[in-house]
Amino acid sequence: MRFVRRAWILAWKDLTIEWRAKETLNSLFFFALLLIFLFQFALGPDRERLSAALPGLLWLGFILSGLLGLGRTFAGERDNDCWDGLRLAPGEKSAIYVGKLAGNLLLMLAVEAIFLLLFGVFFDLDLVAALPGLALVVGLGTLGLAAVGTLFAAMTAHVRARELLFPVLLLPVEVPVLLGTVKATEAVLLGEPLGSVAHWLKLLAVANVIYLTIGVLTFDVVLDG
Amino acid sequence: MWFSTGSRGLTRVLGWLAALGLLAGLVLALGVAPREVSQGNVQRIMYLHVPSILTAYLAFAIVLVASLGYLVSRRQAWDRWAGSAAEIGTLFTGLTLASGSLWGKPTWGTWWTWDARLTATAVMFVTYVAYLMLRGMIDEAERRAQLAAVLGILAALNIPLVHFSVLWWRTLHQPPTLLRPVPAALAGIFRLTLGVNWVAFTLLFAYLLAKRIRVGRLSEAGLP
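The listed protein sequences correspond, in order, to chains A and B. According to the numbering used here, the first sequence holds residues 921 to 1145 in order. According to the numbering used here, the second sequence holds residues 28 to 251 in order.
Pulled out of the complex, with its shape left as it was, chain A reads as follows (with noise of 0.2 Å):
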């Protein structure tokens, strides 16, 4: 219990922070829409081959977006001296994981939902059927990529050219969720029932509990540096 209430108050920080500054979610929503512009730039006006790609084009907004947001899960504590503090907080260590985690979860599910609702409006694209299993397959991608994001954030925080380092170590580790991701997602926009990507489904909350169980066990010596 005392670890959930941990974790939640690390958490509340950081919503309670961007609720008030909105800094990464204004940058974040400003950036989906020009990834959409671009998307459709680099396509051209062909409707069939934009329709092709979306699965694709959907999960690379995600990641591009994740990996800004991801990026920046530490920067508050590092630019206000503050890394210190986080580390001496009492108790075990995998909380602030879970708390950070958390917040960055809330937050790219947050920005998700925008980009969904752009793609839905420039790409006229029916979401509403789709939205059940939609929610599930973002549910677990965002989860996968939180995962690692929130654990290599905290290892590249102290590290020279961490900005260029973190997708570094991030994309390749994703592609299984990349695969996984965009293969369900084509299956439900296409209206195929769940069950023909179960495999996918299944892979994805493999590679979650592996993702979450190193980040919770290793969490406290990567924050001891």
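Derived by calculation from the structure, the hints in this document are not laboratory data. These figures come from a predicted structure and were not determined experimentally. Among the clues, some could well be false.
[Claimed, not checked] Label-pair distances were calculated between CB atoms; the ranges are:
id, chain 1, residue 1, chain 2, residue 2, range
1, A, Phe1042, B, Val64, 55 to 63 Å
2, B, Ala125, A, Trp928, 45 to 53 Å
3, A, Leu1045, B, Gly121, 40 to 48 Å
4, B, Lys132, A, Asp999, 50 to 58 Å
5, A, Ala962, B, Gly136, 28 to 36 Å
6, A, Arg969, B, Ala125, 31 to 39 Å
7, B, Val64, A, Phe957, 54 to 62 Å
8, B, Ser246, A, Leu1008, 29 to 37 Å
9, A, Phe957, B, Leu57, 54 to 62 Å
10, B, Arg218, A, Leu984, 43 to 51 Å
[What the hints assert, rightly or not] Residues from chain A shown here face chain B by an in silico Cβ test under 10 Å; the list is partial:
id, residue
11, Val1079
12, Ala1081
13, Val1097
14, Leu1099
15, Ile1134
[As the list claims (entries may be wrong)] Listing some non-contacts, in silico: residues in chain A with all C-beta distances to chain B over 10 Å:
id, residue
16, Met921
17, Trp932
18, Arg998
19, Ala1009
20, Pro1010
21, Leu1114
Cβ coordinates follow ideal geometry from the N, Cα and C atoms, glycine included.
Given the coordinates of chain A, work out where chain B should sit on it, guided by the hints.
Structure of chain B alone, referenced to chain A:
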């Protein structure tokens, strides 16, 4: 253990054994083993290709074990094992990709295709390049060991996930010939040649690893 403390005499013996094994493997691969009927001489690349990837897997298994060993014991020696094995494993993965590419051009008609096994190997390659980049960005030895250990474990556990995801994504590569339970998938001489080359590559790996660990130990001790 002489291996990690770096007895130079024994390392040298290992080096000579590796050299002899590679020479024998080369003679078998280019001289003794017959031309394969359907693929011709191109098939001989397999004697380099398959031992390379097996050696790379061995190296990355060592990275995993050494990373776990470091986190449990916090002894710097484990980190030298992990870092050294990762460097050499990345080298052999690169060799696998390059030799596979050379084989693919005449056989499949293309240098590269997004086949499942190729893609998985390429993803493994970039993952460990990223691992080495992380190591390169951290100057303090203890901190480097801590973070590299976490990534070393995550990268290894991710390999099966990458494998299955890419397998379901698409496949074109022929099924593995060496470890398949069907007997006689490979005729005796092919099998022997492959086996000798595999042993030689493993010896070469052990030699390089011993050397690299010694270099790591000396540079940490402050010697030039």
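To see whether the hints hold, each was checked on the structure:
1. Our hint of 55 to 63 Å for Phe1042 of chain A and Val64 of chain B holds, since their Cβ atoms are close to 57 Å apart.
2. Range check, Ala125 of chain B to Trp928 of chain A: Cβ separation about 51 Å, and the 45 to 53 Å hint holds.
3. Range check, Leu1045 of chain A to Gly121 of chain B: Cβ separation about 42 Å, and the 40 to 48 Å hint holds.
4. Against the hinted window of 50 to 58 Å, the Cβ-Cβ separation of Lys132 of chain B and Asp999 of chain A comes to about 51 Å, which satisfies the hint.
5. For the pair Ala962 of chain A and Gly136 of chain B, the supplied restraint of 28 to 36 Å holds, since their beta-carbon distance comes to about 29 Å.
6. The given range of 31 to 39 Å is respected by Arg969 of chain A and Ala125 of chain B, whose C-beta atoms sit roughly 34 Å from each other.
7. One distance hint, 54 to 62 Å for the beta-carbon pair Val64 of chain B and Phe957 of chain A, holds here, with the actual separation near 56 Å.
8. Between Ser246 of chain B and Leu1008 of chain A the Cβ separation comes to about 33 Å, which falls inside the hinted range of 29 to 37 Å.
9. As the Cβ distance of Phe957 of chain A to Leu57 of chain B is approximately 57 Å, the hint placing it in 54 to 62 Å holds.
10. Between Arg218 of chain B and Leu984 of chain A the beta carbon distance is about 48 Å. The supplied range of 43 to 51 Å therefore holds.
11. The beta carbon of Val1079 of chain A comes within 5 Å of a beta carbon in chain B, closer than 10 Å, and the hint placing it at the interface holds.
12. The interface hint given for Ala1081 of chain A holds, since its Cβ lies 6 Å from the closest Cβ of chain B, which is under the 10 Å cut-off.
13. Given the 10 Å rule on beta carbons, the hint for Val1097 of chain A holds: about 8 Å separates it from the nearest Cβ of chain B.
14. Against a cut-off of 10 Å between C-beta atoms, the interface hint on Leu1099 of chain A holds, since the closest Cβ of chain B lies about 4 Å away.
15. Proximity of Ile1134 of chain A to chain B holds as hinted, the smallest CB-CB distance being about 5 Å (cut-off 10 Å).
16. Non-interface status of Met921 of chain A relative to chain B is upheld: no Cβ of that chain comes within 10 Å, the nearest being about 28 Å off.
17. Chain B leaves Trp932 of chain A outside its interface by the beta-carbon criterion, the shortest separation being 27 Å against a cut-off of 10 Å.
18. Non-interface status of Arg998 of chain A relative to chain B is upheld: no Cβ of that chain comes within 10 Å, the nearest being about 16 Å off.
19. Residue-level check passed: Ala1009 of chain A sits 19 Å from the nearest beta carbon of chain B, beyond 10 Å.
20. Annotated as non-interface, Pro1010 of chain A keeps its C-beta farther than 10 Å from every C-beta of chain B; the closest such distance is 21 Å.
21. Non-interface call for Leu1114 of chain A relative to chain B: holds, since the shortest CB-CB distance, roughly 16 Å, exceeds 10 Å.
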